[in-house]
Amino acid sequence: MSSDLDLKNQKIYVAGHRGMVGSAIVRNLQAQGYTNIVTRTHAELDLTNQAAVQAFFEKEKPDQVYLAAAKVGGIHANNAFPAEFIYDNLMVQNNVIHQAFKSGIKRLLFLGSSCIYPKLAPQPMSEDALLTGKLEPTNEPYAIAKIAGIKMCESYNRQYGQSHGIDYRSVMPTNLYGPGDNYHPENSHVIPALIRRFHEAKVSNAPEVVIWGTGTPRREFLYVDDMAAASVFVMGLDKAIYDEQTVPMQSHINVGFGSDITIAQLAQAIAKATGYQGAINFDPSKPDGAPRKWMDSNLLKHLGWNPGVQLEDGLYLAYTDFQRNENRDGGLGDSIF
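Using this note's numbering, read the sequence shown as starting at 5 and increasing by one per residue.
By construction, these hints were calculated from the structure, which means they are not laboratory data.
Hints are supplied without guarantee of correctness; some may be wrong.
Calculated lysine-lysine pairs in the DSBU-like style (CA-CA distance at most 35 Å, straight line) [unchecked claim]: (1) K305 with K123; (2) K305 with K106; (3) K12 with K63; (4) K110 with K155; (5) K12 with K290; (6) K123 with K15; (7) K65 with K12; (8) K110 with K15; (9) K243 with K63; (10) K110 with K65; (11) K138 with K243; (12) K65 with K243; (13) K155 with K243; (14) K123 with K290; (15) K276 with K305; (16) K290 with K276; (17) K305 with K65; (18) K243 with K305; (19) K243 with K276; (20) K106 with K15; (21) K276 with K206; (22) K123 with K63; (23) K12 with K138; (24) K155 with K12; (25) K15 with K138; (26) K155 with K123; (27) K65 with K123; (28) K110 with K243; (29) K106 with K206; (30) K276 with K155; (31) K138 with K123.
With beta-carbon atoms standing in for the labels, derived distance ranges [what the hints assert, rightly or not]: (32) T136 with A59: 35 to 45 Å; (33) A47 with E248: 16 to 26 Å; (34) Q249 with A294: 22 to 32 Å; (35) N13 with P189: 17 to 27 Å; (36) P291 with I265: 14 to 24 Å; (37) K110 with Q249: 14 to 24 Å; (38) A47 with A283: 41 to 51 Å; (39) N310 with K106: 34 to 44 Å; (40) Y91 with N302: 26 to 36 Å.
Where is the CB? At the ideal position from N, CA and C, for every residue including glycine.
Between the sequences and the hints, there should be enough to build the whole structure, so can you do that?
Set out below in structure tokens:
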């Protein structure tokens, strides 16, 4: 049996280390004493290039892989660039997972998204809701790619788990926020978008902030460093325990906070975190989106993991990050491969 010291010396490749989740995974691993962490920027390694990925794995020969690289973005980006979202994400996943297998890597963790679940999935969304209905149209290409990533991991496990000893796992996070987020005014998700809007309203002394919709939809949010901690936790689970709690064709695990809030409550919390004291109003003529998106993360809780950062604390940390990097935005989205 490998000692803890042996595990700390393993070479770990974190794909997407400049993105919000990938950078948080690197922070978590370093905090736990892992020092042999391999990373590459997009300029150094184009993960959509099969030959380049093959050469990288043959040279570096990592022991573990965290696949956090993806092209991500909000509704606008997904609608405007559907071809890029499906092609780039499929290519990244296919290349990294396949080359990991060819290089003899036994353990890989694939990071997905809550958008894999049907638009009208029962709430909270449990792992067995996958492939039971139609997806949300606005991010269907991205969701299809993520579903393919889950099924690729499962297929390699089913075909090569016994013969080659591979163990490729998948985790599905709820809505994430925190350091490293994309604050682009059009292509960001709800928390970073509202942080920017409330900050700019505070700076300009705007009397009100108007938010699309009624404010009644409910959403769940998880601080990104909690997601990283959950990822490392799942990666480190004993195989017998993981296999006991999952099945070969439904092996992904949800990662959520455990409760949700309304968009109106979120807006109030962000106003408080940013120090904005004006009025908050809603425009019901604009769309609300899905009435609720809440992950059932009871399986992960049963396995022994719980989040540690409350939303109010996390929003203050996120706003601090925004102020440090006020001019940063992700353009098309967090293209982190």
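So, going through the hints one by one against the coordinates:
1. K305 with K123: 24 Å, holds
2. K305 with K106: Holds: K305 and K106 sit about 33 Å apart, inside 35 Å.
3. K12 with K63: Measuring from Cα to Cα gives roughly 21 Å; hence the hint holds.
4. K110 with K155: 17 Å, holds
5. K12 with K290: 51 Å, violated
6. K123 with K15: Violated: K123 and K15 sit about 39 Å apart, past 35 Å.
7. K65 with K12: 16 Å, holds
8. K110 with K15: 12 Å, holds
9. K243 with K63: 28 Å, holds
10. K110 with K65: Holds, at about 11 Å.
11. K138 with K243: Distance ~32 Å between K138 and K243 Cα, so the pair holds.
12. K65 with K243: 22 Å, holds
13. K155 with K243: Given pair K155, K243 holds - Cα atoms ~18 Å apart, limit 35 Å.
14. K123 with K290: Holds, at about 19 Å.
15. K276 with K305: OK: K276 and K305 at ~30 Å, within 35 Å.
16. K290 with K276: 24 Å, holds
17. K305 with K65: Answer holds: K305 to K65 is near 33 Å, not above 35 Å.
18. K243 with K305: 17 Å, holds
19. K243 with K276: At roughly 44 Å apart (the allowed maximum being 35 Å), K276 and K243 break the hint.
20. K106 with K15: 17 Å, holds
21. K276 with K206: Judged against 35 Å, a Cα distance of about 11 Å means the pair holds.
22. K123 with K63: 42 Å, violated
23. K12 with K138: 42 Å, violated
24. K155 with K12: 29 Å, holds
25. K15 with K138: 40 Å, violated
26. K155 with K123: This hinted pair holds, its Cα atoms lying about 20 Å apart.
27. K65 with K123: Violated, at roughly 40 Å.
28. K110 with K243: 11 Å, holds
29. K106 with K206: 53 Å, violated
30. K276 with K155: Violated - the C-alpha atoms of K155 and K276 are around 42 Å apart, more than 35 Å.
31. K138 with K123: 6 Å, holds
32. T136 with A59: 35 to 45 Å: Check passed, 40 Å falls within 35 to 45 Å.
33. A47 with E248: 16 to 26 Å: 43 Å, violated
34. Q249 with A294: 22 to 32 Å: Holds, since Q249 and A294 (Cβ atoms, about 28 Å apart) stay within the stated range.
35. N13 with P189: 17 to 27 Å: 44 Å, violated
36. P291 with I265: 14 to 24 Å: With a Cβ separation near 19 Å, P291 and I265 satisfy 14 to 24 Å, so the hint holds.
37. K110 with Q249: 14 to 24 Å: Taking Cβ atoms as reference, K110 and Q249 lie about 19 Å apart, which means the hint holds.
38. A47 with A283: 41 to 51 Å: With Cβ atoms ~45 Å apart, the hint holds.
39. N310 with K106: 34 to 44 Å: At roughly 37 Å between Cβ atoms, K106 and N310 fall inside 34 to 44 Å, so the hint holds.
40. Y91 with N302: 26 to 36 Å: 35 Å, holds
Hint check: violations occur at hints 5, 6, 19, 22, 23, 25, 27, 29, 30, 33, 35; the rest are consistent with the structure.
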